[in-house]
Amino acid sequence: MDVNKPLQPPRWGGVKAVLLKFKDEVLQKMNNILNNSETLKVPSTGGDLGEAIRVIETPGGGVVLSKLDDVINWARSNSLWPLTFATSCCGIEMMAVASAKYDFSRFGFEVARASPRQADVIIIAGTIVNKMAPVLKRLYDQMADPKYVIAMGACAISGGPFFYNTYSVVKGADHVIPVDVYVAGCPPRPEALLHALISLQEKIKSGLTREQIKQGI
Amino acid sequence: MIDQELKNKLTELLPTATFEEGGEWPNINVEPKDWLLLANQLRNDASLHFDYLFCLTCIDFKTHLTMVYHFSSTKYRHNIVVKVKLDRNQPEIQTVSHIWKTANFHEREVYEMFGVNFLNHPDLRLLILPDGWEGKNPMRKDFEDAVNMIKL
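Protein sequences, first through last, are from chains A and B. Just so we're aligned, residue 19 is where the first sequence starts under our numbering, counting upward by one. Just so we're aligned, residue 94 is where the second sequence starts under our numbering, counting upward by one.
Just so you know, not all the hints are guaranteed correct.
[Said to hold, decoys possible] In silico lysine-lysine, BS3-like type, Cα no more than 27 Å apart, as pairs:
1) B/K244 <-> A/K189
2) B/K100 <-> A/K189
3) A/K119 <-> A/K221
No wet-lab data here; the hints were simulated from the structure.
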């Protein structure tokens, strides 16, 4: 397409011809990419999609190529709403991360939802006791797929200070539900939780399942 | 009343009682058989008027159990701690739930955690622990739970 040419009034035949020509150009470019005769251009911003996208430069703009899965994962990872779920002091730290100073909304953890049916990620912030375990399981089951779990702090990882000699504490929330990201700390700093949230986003963008990541594929 | 006056008054009411020094509040040691009588006096004596039982707990000393009651008077703003030594093998003490209503739940908690039998308690059953926990007292020092315990 010649961008310098003034726009013509639309005529269907003309539009169709332009589109066909455009399609030919793109196909040609893709062909070149497949034959490695042309280098790929990744956005210099190092944007969210990273290497999942290909940019084909065309006169007057460009065409972005990507897999639909990658686009979906990108969208998902940037709109993860956490469940309002806190069982002990880590919850206070989680609230601090939600507040203006740290503000996890900046990364797409927009608002904490009070209903599991509207939540995408459950941040286990605190000790899970035997009586709470079935509740946690139920909340997890009520969340819509795809759903993710972050174990925040020592208690959620292993039972924490209650690991030894306790009759009432579950020794790690992963005895109850599968966990995606573990954050160490007692409680973790807000920065640590933010890092965990971003790690979860990267995990989602990688498009791999928990099991695949564990096996190091 | 200041602490010394409290002590004098309590010695007058219960000559066998002994006092411990060093605490923030006056500490009085009482025999289990004297407890119910003293409790009534603490609540009803016009100059004592301990109308607020703000802590009821138990301690396992391995050789014996000690019931600890913290009282306060909302009228006179004085406090007192009462300690009652119990036999660890057969811990029994009179309930005070009819004097201070709050003791009802607290005694149930001590009952499930330490196995102290509160005589004449109107509703002595487990408070928080799930059914079937009777006989296993998690706050006893020698407690071991075969299912949940992790030993190091």
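So, going through the hints one by one against the coordinates:
| no. | hint | in the structure |
| --- | --- | --- |
| 1 | B/K244 <-> A/K189 | 12 Å, holds |
| 2 | B/K100 <-> A/K189 | 48 Å, violated |
| 3 | A/K119 <-> A/K221 | 25 Å, holds |
This entry does not satisfy hint 2, going by the numbered hints stated previously; all others are met.
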